[in-house]
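Start from the sequences, fold in the hints, and give me the full structure.
Protein chains in written order, with my numbering: chain A, 106 to 362; chain B, 297 to 477.
Simulated from the structure, these hints should not be mistaken for lab results.
Every residue gets a Cβ at the ideal spot worked out from N, C-alpha and C, and that includes glycine.
Wrong hints could be hidden among the right ones.
[Stated by the list, open to error] Computed, partial: chain A to chain B, Cβ under 7 Å:
{"no.": "1", "residue": "Leu115"}
{"no.": "2", "residue": "Leu119"}
{"no.": "3", "residue": "Arg120"}
{"no.": "4", "residue": "His125"}
{"no.": "5", "residue": "Arg141"}
{"no.": "6", "residue": "Ile142"}
[Said to hold, decoys possible] Derived Cβ-Cβ restraints for the label pairs, each shown as a range:
{"no.": "7", "chain 1": "A", "residue 1": "Glu116", "chain 2": "B", "residue 2": "Gly373", "range": "20 to 26 Å"}
{"no.": "8", "chain 1": "B", "residue 1": "Leu376", "chain 2": "A", "residue 2": "Pro298", "range": "16 to 22 Å"}
{"no.": "9", "chain 1": "B", "residue 1": "Arg377", "chain 2": "A", "residue 2": "Glu310", "range": "51 to 57 Å"}
{"no.": "10", "chain 1": "A", "residue 1": "Pro112", "chain 2": "B", "residue 2": "Arg371", "range": "24 to 30 Å"}
{"no.": "11", "chain 1": "B", "residue 1": "Leu376", "chain 2": "A", "residue 2": "Gly303", "range": "47 to 53 Å"}
{"no.": "12", "chain 1": "B", "residue 1": "Ala299", "chain 2": "A", "residue 2": "Glu217", "range": "36 to 42 Å"}
These are the residues of each chain, in order.
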Amino acid sequence: MSESSWPAELEAALRDAGAHLRYPEGRDLSAPVAHRIRLLSTRRANRSPFRSLAAALALVVLLAAAVTVLSPGTRRAVAGWLGISGISIVQEPPPGRIASDDLALGRRVNAERARDATGFDIVTPADPALGSPDQIYLSEGLPEEVVTLIYAEARGLPAMGDSGVGLLITEFRARIDETFLKKLADSGVRIRPIVIAGSQGYWVEGRHALYYAAGSGPVEYRSRLAHNTLIWERGALSLRLESGLPLLDALRIARSM
Amino acid sequence: MSAYEQLVHIHQGVARRAAYLVTRSSADADDAAQEAFVKAYYALAGFRRGAPFRPWLLRIVTNEARNNARSAARREGLALRAGGIRAAEDIAASPEEAALEDERRRRVLLAVDGLGEADRTVVSYRYFLDLSEAEMAEILGCARGTVKSRLARALGRLRWALEAEAGGSVGAPQGGGRDLS
Numbered sequence: 106m107s108e109s110s111w112p113a114e115l116e117a118a119l120r121d122a123g124a125h126l127r128y129p130e131g132r133d134l135s136a137p138v139a140h141r142i143r144l145l146s147t148r149r150a151n152r153s154p155f156r157s158l159a160a161a162l163a164l165v166v167l168l169a170a171a172v173t174v175l176s177p178g179t180r181r182a183v184a185g186w187l188g189i190s191g192i193s194i195v196q197e198p199p200p201g202r203i204a205s206d207d208l209a210l211g212r213r214v215n216a217e218r219a220r221d222a223t224g225f226d227i228v229t230p231a232d233p234a235l236g237s238p239d240q241i242y243l244s245e246g247l248p249e250e251v252v253t254l255i256y257a258e259a260r261g262l263p264a265m266g267d268s269g270v271g272l273l274i275t276e277f278r279a280r281i282d283e284t285f286l287k288k289l290a291d292s293g294v295r296i297r298p299i300v301i302a303g304s305q306g307y308w309v310e311g312r313h314a315l316y317y318a319a320g321s322g323p324v325e326y327r328s329r330l331a332h333n334t335l336i337w338e339r340g341a342l343s344l345r346l347e348s349g350l351p352l353l354d355a356l357r358i359a360r361s362m
Numbered sequence: 297m298s299a300y301e302q303l304v305h306i307h308q309g310v311a312r313r314a315a316y317l318v319t320r321s322s323a324d325a326d327d328a329a330q331e332a333f334v335k336a337y338y339a340l341a342g343f344r345r346g347a348p349f350r351p352w353l354l355r356i357v358t359n360e361a362r363n364n365a366r367s368a369a370r371r372e373g374l375a376l377r378a379g380g381i382r383a384a385e386d387i388a389a390s391p392e393e394a395a396l397e398d399e400r401r402r403r404v405l406l407a408v409d410g411l412g413e414a415d416r417t418v419v420s421y422r423y424f425l426d427l428s429e430a431e432m433a434e435i436l437g438c439a440r441g442t443v444k445s446r447l448a449r450a451l452g453r454l455r456w457a458l459e460a461e462a463g464g465s466v467g468a469p470q471g472g473g474r475d476l477s
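As structure tokens, then:
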């Protein structure tokens, strides 16, 4: 190939080769895809009290761990992976005690209001020692609300720094994206799969963030409490339980939900 | 649902071909394409209306195919179609010329097969699937300039691989020194 014309000649040769390339005969995908979507949607509808969960509202919960992963570049990468443009940050609780009402978890509501607003049955631990949550927050500004339950440290739960929070439970109408979790685990993040009440769950160590695809685009949910967290699915919900408790105690609470 | 089935029907060809070019395994490609369509369905909420569907879909397909890539041992090499419709210029060629053309094509495919995954993806997407640089930028999640430079580097490596092959020359006789940049 001459020096000046080699790219054009190579491009022509590539296009020519490509035009004669053999692609294997494949099966028609529309039926298997439709079948799988119906299966996934039915499974959710049957377990969820919120029956009109249209596919357009379906959410995916992604998990990213370690502070270094929470860069704008990573957010773009996550958004890019799903083919969604734009990503915004959800409020994260500021450090310090949570007794004040101007927390960035959203607005404080009572249990009834939270149920009305989100349309899903909020699950709470059945542990008698825990009782009802001390505070419930509903996130603002999302089409799919996020509910946060706070149990104060005073209930005999180990402290999480000086936040005053003993147990933090977050509930999303979303499911967990396992492929992404596998990629993270492969990259050295400490994620341990665990079965919780028949569902696949994960025990994640250390600081992490969640990304989920809401109607308006992916959202990052970050907790500054940075303690070990259980994450699992329950019906149409993804649940997140963060505390200073060891795994077995956290599991006991999760399984009571 | 039937609207989405139509979308699948329209785009499954390119989705499967893209997945095949990444995985080089027919079974893996179909699995990746199928999984990508399911994921795309659930990600539709985030799809910007009016935007072209194909590159958005192919981004999900490409990621799915990369996740599914199996060991090299299970990969099929890129191969030529046997028979099939021949272009007018092919028909006009003598059997000897036709065989020579096929041999050249096989060498090109072999060289593409030998590229690393990133190079192979940009080359095959651009020249085998005829995707535009703008589409590829969206599929690969990078700037158009990056697509351009990746393509240029991949072509350089491809050229080097082809010339390194004994007696190999893809087109016109060689002239000048070898430029490896």
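Q: Hint by hint, work out which the structure violates, then give me just those numbers in ascending order.
A: Hint 8 alone not satisfied by this model.
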